[in-house]
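**Student:** The primary structure of each chain is shown beneath.
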Amino acid sequence: MRLTACAAFLVAGCAKPFQHGEDVDAGSPSFSTEIHASPKLTSIESAETDGLGRPVRVACVTCHGVRDAGAGFPENAAVLKDFHAGLSVAHGALSCKACHVDRHGGPPMLRLATGEELATSDAIRLCAQCHGPKYQDYLHGSHGGMNGYWDLGRGPRLRNHCVDCHDPHVPKYQPSRPVLPPKDRFVTPAPVGSHHG
Amino acid sequence: MDKAKRRTLKVLGSTLGAAAFAYAIEPLRAWASDMSLGELLQKHYRELTPDEMRAVLARLEADAEAKYGREVTIEDIRPTPGVELGYALNLSVCIGCRKCAEACHVENNHDRTTNNSYIRVLEMEQGSFDLEKGTTTYDHAVPSPGKYYLPVQCQQCDNAPCVKVCPVQATWKESDGIVVVDYNWCIGCRYCEAACPYHARRFNWSKPEIPAEEINPNQSYLSNRVRPQGVVEKCTFCLHRTRKGLLPACLEACPTGARVFGNLLDPNSEIRWVLAHKRVYVLKEELGTRPRFFYYFDN
Ligand code: SF4
Ligand code: SF4
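Residue numbers (this note's numbering), protein chains in the order written: chain D, 823 to 1019; chain U, -19 to 279.
Treat the hints as calculated values from the structure; they're not laboratory data.
Some hints here could point you the wrong way.
[To be verified] Once the Cα atoms are required to be at most 30 Å apart in a straight line, the calculated BS3-like pairs of lysine-lysine come out as:
1) D:Lys956 <-> U:Lys264
2) U:Lys144 <-> U:Lys187
3) D:Lys994 <-> U:Lys113
Model the full assembly from the supplied sequences, consistent with the hints where possible.
**Tutor:** Spelled out as structure tokens, the structure:
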């Protein structure tokens, strides 16, 4: 059976959005989707670099596992002097404690709005509590990118973690130069002022 | 040899016995030195028996090694029953970085000197949906304020004008929705290029130049093998990857996750979720081309 696409859905959505062939039952997937375990979740860049010029990363627990800062967390990043000095934070009006558990000694933990504590590797749940619609998009493969197989019956998939693309302290995606400038004949810039400029 | 002749010869070849034909064209062969007899006599993709196909692939692999100095594997990968491939792109998150176009360039063995890619990313004024007004030559930090970015590649139309105009049926739609070209049957008339409303087809004006070490050796007959000079080519949704269940190269390269790919027939697929939950658009809907490529904005 081959019906044409419902014209209405193209502008406003309709009950049966897509009808090209018969639906199939893809069964339950034999392979799984993994989320990238970003090193950013459990370590921080130091000033040292390795042989390839990349910054050496230091696990958070190296300091936070043993050190007792005593005074508790600061209200904002500006007062940090000895450690994490120069950390820029541009994430709404959030204070450190909005996301980080205010405790020293033991592995650093995150905190949900409910008070529930969370390992830093589970940060997606923390992001999701404010960014619900984005999280829904992410869960349905329409935000965040992936690698591997579209067909989980034939192979696994690796998803990006929020922090792979967004610095949690400055989450706005930073502008950058585009790659591969086109050189084909369609794209010669038209003379200024011409109709096709 | 000029293309009209080549076509006439192919038509002739199918009516004469192969041996008689080979004898008859022997003088022509002397000056058509860049084309092997096998290539000249090759049948249409869809008429090749499995044995003939194996021979053709072996010949093409040997050719590729001779011309480009790289050992390659050229497969003939067929559509999977129960699969119709579809693509959707979230214009709210695309930043116009052209990483998709670059990934296409590398994956599909495009000519290095022209930066060819099956994807053009248009920089558009916010509020406009007229693709003829977009610019592709932008070279400043992206995303730029007041703009949005519209990547355009083959829309794998169900009612494809490019297929209808081909005088020799060198291009057709396969059962999984992909519109393909038999590069060895294409006569290079470029009717399809003119007929495509999305500027999705490319003509090989010269022999593609690619350094041996940059050649992607995982190739297929209908997709990313290096195309000959003088034929038309187009995006195949990376069928050499996607028919094996893998994601297309442009999707993997996209840093924003703007791209969604999958089986339109599987009601639990991501692409179906997008079609059901987002306000989806197709380009130039009024032309009735019925694309398999959908665009949407976040609500
Ligand atoms: S987008 Fe162009 S090349 Fe692709 S199927 Fe449609 S008409 Fe053909
Ligand atoms: S790679 Fe993704 S974000 Fe970049 S231009 Fe292509 S679709 Fe847009």
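**Student:** Go through the numbered hints given earlier and state which of them the structure violates, listing their numbers in rising order.
**Tutor:** Structure breaks no hint.
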